[in-house]
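In this note's numbering, the protein residues as written are 1477 to 1574.
Warning: the hint list may mix true and false statements.
Computed spacing ranges between beta-carbons, pair by pair [what the hints assert, rightly or not]:
id, residue 1, residue 2, range
1, Leu1485, Val1542, 16 to 24 Å
2, Leu1485, Thr1506, 29 to 37 Å
3, Ile1549, Leu1478, 12 to 20 Å
Hints listed in this document are in silico derivations from the structure and should not be mistaken for laboratory results.
Nothing here was measured: the structure is a model prediction, and the numbers come from that model.
Even glycine gets a Cβ: it sits at the ideal position worked out from N, Cα and C.
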Amino acid sequence: MLGIVIAMLLSLGSVVLMLGAVIHNRIDPTYATALTLPLANALALTAAVLGLVIAVVAYRKDRESVLAKRSMIFALVCAVTLAVLLPLSNMGYLSRVA
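All chains, please: the whole structure from these sequences, using the hints.
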């Protein structure tokens, strides 16, 4: 159960970190905030992959748990979404400079 909670917190935290970086860049569009987007995305992707690994381990320990399977699917969706956003943030499509 603890693995499921940690996996969900890491997955949600990674999405919130990336969303926060994008919103911060939209509110204050400077070069400094635009350059933090690839770094924030890389950190968020690392946290999402770690959450995915923990969710898979929690699912492997208890295969009958529906919550473990759902947390594994959610962690996989978060990791894939952030992996798709990584090239976009590196090329500057997610950032804006005024």
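To see whether the hints hold, each was checked on the structure:
1. The hint said 16 to 24 Å for the Cβ distance between Leu1485 and Val1542, and at roughly 19 Å that hint holds.
2. Remark: the range hint 29 to 37 Å for Leu1485 to Thr1506 is upheld by a beta-carbon distance near 31 Å.
3. A beta carbon spacing of about 19 Å between Ile1549 and Leu1478 agrees with the range 12 to 20 Å that was offered as a hint.
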